[in-house]
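Q: Here the structure of chain L is known, so what remains is to put chains P and H in place on it, guided by the hints.
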Amino acid sequence: MTMRRVKERMKIPLMLAPALGIVVLLFGGGLLVGLGQSLGYFPAIGLTEFTFDHYVSVLTDSNFLSSLWLTFRIALVTTVLASLLAVGFALVLRHQFAGSRFATFLFQIPLPVPHLVAASGIILLVTQSGLIARLGVALGLIDVPADFPAIVFDKAGIAIILTFLWKEVPFVGLVVLAILQSVGPQYEEQARTLGANSRQRFFNVLLPLIMPGIMSASIIIFAFTFASYEIPLLLGVRFPTTLPVEAFRLYQDPDLAQRPEAMAISIVLAVVAILLLVAYRRLARYAVK
Amino acid sequence: MTLDTKPPDKSAPQDYEEVRGTESRATLWVRWIVLASIAVFVLLPIITLFVWSFAFRWNFPNLLPTEWGARAWIYAADDSSRVFEGLWNSLKIGGLVTLMAIIVGLPASRALGQHDFRGKGVVEWLLLMPIIVPALVATMGIHQIFIRLGLTGTVFGVALVHLIPAIPYFVLVMASVFANYGTALEETARTLGANRFYVFWYVTLPAISSGLLVASMFTFLISWGQYVTTLLIGGGSIVTLPLVLFPFLSGASHANAAAISLVFVAPAVIVLIFTSRQLSRDSSVMGGFGKI
Amino acid sequence: MTQVSLQQLSRRFGDHLAVRELNLDIESGEMVAFLGPSGCGKTTTLRMITGLLQPSSGDILFDGESVLEVPTERRGAVMVFQKHLLFPTMNVAQNVGFGLKMAHVDKSEIASRVTEILDLVELSGLETRKAHELSGGQQQRVALARALVVRPQVLLLDEPLANLDANLRITMRQLIRTIQSELDITAIFVTHDQEEAVMLADRVALMFDGILQQVGEPDVFYRRPRTKRVAQFFRSDNFLSGIRTGAAVQTSVGEITLDPERVPGADGPVVLTVRPEDVEISTQGSGQGNTVVGQVESPIYMGSYTELLVSVGDETWQVQGPASLAAKEGDEIYLRLPTEHVWIVEDDAVAPEEVPEDSVAV
Numbered sequence: 002m003t004m005r006r007v008k009e010r011m012k013i014p015l016m017l018a019p020a021l022g023i024v025v026l027l028f029g030g031g032l033l034v035g036l037g038q039s040l041g042y043f044p045a046i047g048l049t050e051f052t053f054d055h056y057v058s059v060l061t062d063s064n065f066l067s068s069l070w071l072t073f074r075i076a077l078v079t080t081v082l083a084s085l086l087a088v089g090f091a092l093v094l095r096h097q098f099a100g101s102r103f104a105t106f107l108f109q110i111p112l113p114v115p116h117l118v119a120a121s122g123i124i125l126l127v128t129q130s131g132l133i134a135r136l137g138v139a140l141g142l143i144d145v146p147a148d149f150p151a152i153v154f155d156k157a158g159i160a161i162i163l164t165f166l167w168k169e170v171p172f173v174g175l176v177v178l179a180i181l182q183s184v185g186p187q188y189e190e191q192a193r194t195l196g197a198n199s200r201q202r203f204f205n206v207l208l209p210l211i212m213p214g215i216m217s218a219s220i221i222i223f224a225f226t227f228a229s230y231e232i233p234l235l236l237g238v239r240f241p242t243t244l245p246v247e248a249f250r251l252y253q254d255p256d257l258a259q260r261p262e263a264m265a266i267s268i269v270l271a272v273v274a275i276l277l278l279v280a281y282r283r284l285a286r287y288a289v290k
Numbered sequence: 003m004t005l006d007t008k009p010p011d012k013s014a015p016q017d018y019e020e021v022r023g024t025e026s027r028a029t030l031w032v033r034w035i036v037l038a039s040i041a042v043f044v045l046l047p048i049i050t051l052f053v054w055s056f057a058f059r060w061n062f063p064n065l066l067p068t069e070w071g072a073r074a075w076i077y078a079a080d081d082s083s084r085v086f087e088g089l090w091n092s093l094k095i096g097g098l099v100t101l102m103a104i105i106v107g108l109p110a111s112r113a114l115g116q117h118d119f120r121g122k123g124v125v126e127w128l129l130l131m132p133i134i135v136p137a138l139v140a141t142m143g144i145h146q147i148f149i150r151l152g153l154t155g156t157v158f159g160v161a162l163v164h165l166i167p168a169i170p171y172f173v174l175v176m177a178s179v180f181a182n183y184g185t186a187l188e189e190t191a192r193t194l195g196a197n198r199f200y201v202f203w204y205v206t207l208p209a210i211s212s213g214l215l216v217a218s219m220f221t222f223l224i225s226w227g228q229y230v231t232t233l234l235i236g237g238g239s240i241v242t243l244p245l246v247l248f249p250f251l252s253g254a255s256h257a258n259a260a261a262i263s264l265v266f267v268a269p270a271v272i273v274l275i276f277t278s279r280q281l282s283r284d285s286s287v288m289g290g291f292g293k294i
Numbered sequence: 006m007t008q009v010s011l012q013q014l015s016r017r018f019g020d021h022l023a024v025r026e027l028n029l030d031i032e033s034g035e036m037v038a039f040l041g042p043s044g045c046g047k048t049t050t051l052r053m054i055t056g057l058l059q060p061s062s063g064d065i066l067f068d069g070e071s072v073l074e075v076p077t078e079r080r081g082a083v084m085v086f087q088k089h090l091l092f093p094t095m096n097v098a099q100n101v102g103f104g105l106k107m108a109h110v111d112k113s114e115i116a117s118r119v120t121e122i123l124d125l126v127e128l129s130g131l132e133t134r135k136a137h138e139l140s141g142g143q144q145q146r147v148a149l150a151r152a153l154v155v156r157p158q159v160l161l162l163d164e165p166l167a168n169l170d171a172n173l174r175i176t177m178r179q180l181i182r183t184i185q186s187e188l189d190i191t192a193i194f195v196t197h198d199q200e201e202a203v204m205l206a207d208r209v210a211l212m213f214d215g216i217l218q219q220v221g222e223p224d225v226f227y228r229r230p231r232t233k234r235v236a237q238f239f240r241s242d243n244f245l246s247g248i249r250t251g252a253a254v255q256t257s258v259g260e261i262t263l264d265p266e267r268v269p270g271a272d273g274p275v276v277l278t279v280r281p282e283d284v285e286i287s288t289q290g291s292g293q294g295n296t297v298v299g300q301v302e303s304p305i306y307m308g309s310y311t312e313l314l315v316s317v318g319d320e321t322w323q324v325q326g327p328a329s330l331a332a333k334e335g336d337e338i339y340l341r342l343p344t345e346h347v348w349i350v351e352d353d354a355v356a357p358e359e360v361p362e363d364s365v366a367v
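Protein chains in written order, with our numbering: chain L, 2 to 290; chain P, 3 to 294; chain H, 6 to 367.
Hints listed in this document are in silico derivations from the structure and should not be mistaken for laboratory results. Since we're looking at a predicted model, the values are computed, not measured. Cβ coordinates follow ideal geometry from the N, Cα and C atoms, glycine included. Careful, some of the hints might be misleading.
[Stated by the list, open to error] Just the calculated beta-carbon pair ranges, DEER-fashion:
| id | chain 1 | residue 1 | chain 2 | residue 2 | range |
| --- | --- | --- | --- | --- | --- |
| 1 | P | Leu194 | H | Ser329 | 46 to 52 Å |
| 2 | L | Ala157 | P | Gly155 | 37 to 43 Å |
| 3 | P | Tyr204 | L | Ala18 | 24 to 30 Å |
| 4 | P | Ile49 | H | Asp68 | 57 to 63 Å |
| 5 | L | Arg74 | P | Leu93 | 33 to 39 Å |
| 6 | L | Leu257 | P | Leu65 | 48 to 54 Å |
| 7 | P | Ser26 | H | Glu138 | 37 to 43 Å |
| 8 | P | Pro63 | L | Arg74 | 30 to 36 Å |
| 9 | L | Val57 | P | Gln146 | 20 to 26 Å |
| 10 | H | Ser316 | P | Asn197 | 53 to 59 Å |
| 11 | P | Gln116 | H | Glu282 | 50 to 56 Å |
| 12 | L | Gln187 | P | Phe202 | 45 to 51 Å |
Isolated chain L, as found in the complex (with noise of 0.2 Å):
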């Protein structure tokens, strides 16, 4: 082989080597160290055994039950919720009408500004004593704070959900809108002459169109509300908590004893993650274009 050659076979590695070796090092280090002391291998303790004890105690105990639930309940609701919403605003804005540039505009600022931020004004909007509230008294419609529901700090994590949104929606909307302004009106004057009314166009061919992009996203926002700990943590009740918030509490357990049930707690939430990207890259082969 060449010199020339071999330095064209070593490019790409070369170019790629800096940062995956960073990746591979700091997240597949912290997530193998992490798999090595869900497993029981914990030298700092003098656990040396590897065993899949702590995985049965995390899987078993009723309180991880109750989180993994939880957390699946909120990721679900905020995904389904966020898709349902962002196709009907995307349908209503690829239009071009009065308005329509603004609110597009509108539409894109929830997209840089911090969950934290979001969470702030949420909370500032939605507890018993909010503002929401405040306007239901000015309505007539409540007397006291205790007569608007507590959706803060609530088992139903209705807050969180809604702060989910104000973030997702958008995003969702935009990924949605951005597919119908680059397919165009074309299709639907097709299936118009062919006799298709606006109900059929919309589930003949305008879904089966965006399906790809929503479902893409929809994993995406899944895997991130799954994920989050801010967010349930200012917003949600000690207990139940979400899953992320639950393994980094007991992370911060002074018994040390607790860190491999933390760690496993964590590397289940590792896995979820993983079992969606699989999904999100099936989705992949099957995009149109």
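A: Just chains P and H now, with coordinates in the frame of chain L:
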């Protein structure tokens, strides 16, 4: 000789530009409702924060503050609130993260976006994982090692963990920028005699600059918004703005929380102004928005 | 099998009048071509007929009844676009059966009609393929099948062959023509290619700038183009001005005789024209009447013939001669303008009050 006048083909649909005046009543109502709900949905939390930050006294059930004042802002500017300290650390770390992401990310994203190679799928997997798997997981795992290496409690250490979600995001976004950009321009320049450096500096860089800028801004925002990872690795001594903000959010002083939130959102506003024009063109950047 | 009437049809976009007071009656089962350069309003007209666009004024009637209040999905004016627009998530059979499914036709009937129509467009066996797996010609045939299977009132084709390569275009034209006449469907198609229009249509409607210039059977545009611009669109740029008295036209290069029965019109200043292929050329002059002398400007060898640009008086004429003609630049050449091929064109600037229907009386 055929005559071929070419005024714009107005008969073809202009991307949903509709014929004014033929929409049904129902459609007009729906549009108004959508416009209004978007405005309320998006602006209400933000406006609320603004008003609260200038509220001196605002008790239930008043719809507006009974007394106004800049007390919260004055407090935020004061050292005791640690806002400036947090702001400065966040900027330092964010800048460091973005810089490192660009340096290692540019060659990687170029390779990914412009070349096909064996194992490309594996690389994409490796890059997607730290984005979808929460950074908390890896950070918890790597925490002990960082302690042993003396990286906890340092700006550099915090920047390193921020790299976990930041590098993959940057690389994937820039990869699609490079993919869209293609190699044709560069190849043309090379055949015209330009050397590699010249091509990179005068041809490639200008062409990808806007995509690079947007990707960098959002990478910065990823670091900017990190909370629990900074908490863990910062070890209490590195305080960034979200760490300053967090206690206030669960506290009693809404005004202070509001003011600090608005400080925290400032770079996002800058990014927004810059990218609102870009966004419509480059949907490849969309991928990471949900994670900030 | 529907009769279509366009009455005083106009369409305005802001300041731009895309279609101006179009009047045209299309007979049941007829194939009419809307011909004209880009932007002349032909696609706009098509979109109004199908209902995707509302006219600014005027009326559209199917079988004598106005369809302006009927929305597109119930009009039955099916359009085949330039881009095949096959629904990407469906296969061929589902695409073709789409219109029938929307009409809630029974599944078994859909299946049989789809099979039947695919056979007609020679695509049997491809039912399960997806759009992107087909070639350009196949895609367009599927689009055609999809439109035909619903038995439309009117079939509208918007430059359906523009994206196909030349050979494919020829076979597709024949296919379209055959099917259309076999199924006796009223069809309107839009094109900017005059060859295509001439080959496919029963009648051609030529439009410039939203205004109908001339309507008639294809040969009308060759034998009796109404204006200079019409003649030019059909590749004849040979004009000569002169003064007409009866059957004679006095020009700067001599007197030309025409047939007054074939070419009615008043005396006075006129512009006459003869198509390039009708001009007889010779190097010595035949001694017959209607011969003018010109100077060869540039000869172009075209393989099976030679094309010559000849300066005649102030004008430049395009003529054709045998391939073996050895003419050089500057050579003198004689052009005979046969009386039976001399025609007089109207002034372009005058928009027609009423465009006369034309057919050539041989």
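Q: Is the gap between the beta carbons of P/Ile49 and H/Asp68 within 57 to 63 Å?
A: The hinted range 57 to 63 Å holds for P/Ile49 and H/Asp68, with Cβ atoms some 60 Å apart.
Q: Is the hinted range of 46 to 52 Å satisfied by the C-beta distance from P/Leu194 to H/Ser329?
A: Given a distance of about 47 Å, which is inside 46 to 52 Å, the answer is holds.
Q: Do the Cβ positions of P/Ser26 and H/Glu138 conform to the proposed distance bound of 37 to 43 Å?
A: Roughly 40 Å apart at Cβ, these two residues keep to the hinted range, so it holds.
Q: Please check whether H/Ser316 and P/Asn197 have a Cβ separation lying inside 53 to 59 Å.
A: holds, 55 Å
Q: If I claimed the Cβ atoms of L/Val57 and P/Gln146 lie 20 to 26 Å apart, would that claim hold in this structure?
A: holds, 24 Å
Q: If I claimed the Cβ atoms of P/Gln116 and H/Glu282 lie 50 to 56 Å apart, would that claim hold in this structure?
A: holds, 55 Å
Q: State, for the Cβ atoms of L/Arg74 and P/Leu93, whether the hinted interval 33 to 39 Å holds or is violated.
A: holds, 38 Å
Q: Mind checking the hinted window 30 to 36 Å against the Cβ distance between P/Pro63 and L/Arg74?
A: Holds, since P/Pro63 and L/Arg74 (Cβ atoms, about 33 Å apart) stay within the stated range.
Q: Range first: 48 to 54 Å. Now tell me if the beta carbons of L/Leu257 and P/Leu65 are that far apart.
A: The hinted range 48 to 54 Å holds for L/Leu257 and P/Leu65, with Cβ atoms some 52 Å apart.
Q: Kindly confirm whether 45 to 51 Å is satisfied by the beta carbon distance between L/Gln187 and P/Phe202.
A: Distance hint for L/Gln187, P/Phe202 is violated at roughly 40 Å.
Q: Measuring from beta carbon to beta carbon, are L/Ala157 and P/Gly155 in 37 to 43 Å?
A: holds, 39 Å
Q: Is 24 to 30 Å right for how far apart the beta carbons of P/Tyr204 and L/Ala18 are?
A: Because 27 Å falls inside the window, the suggested range holds.
Violated hints amount to a single one, hint 12; each of the other numbered hints is respected by the structure.
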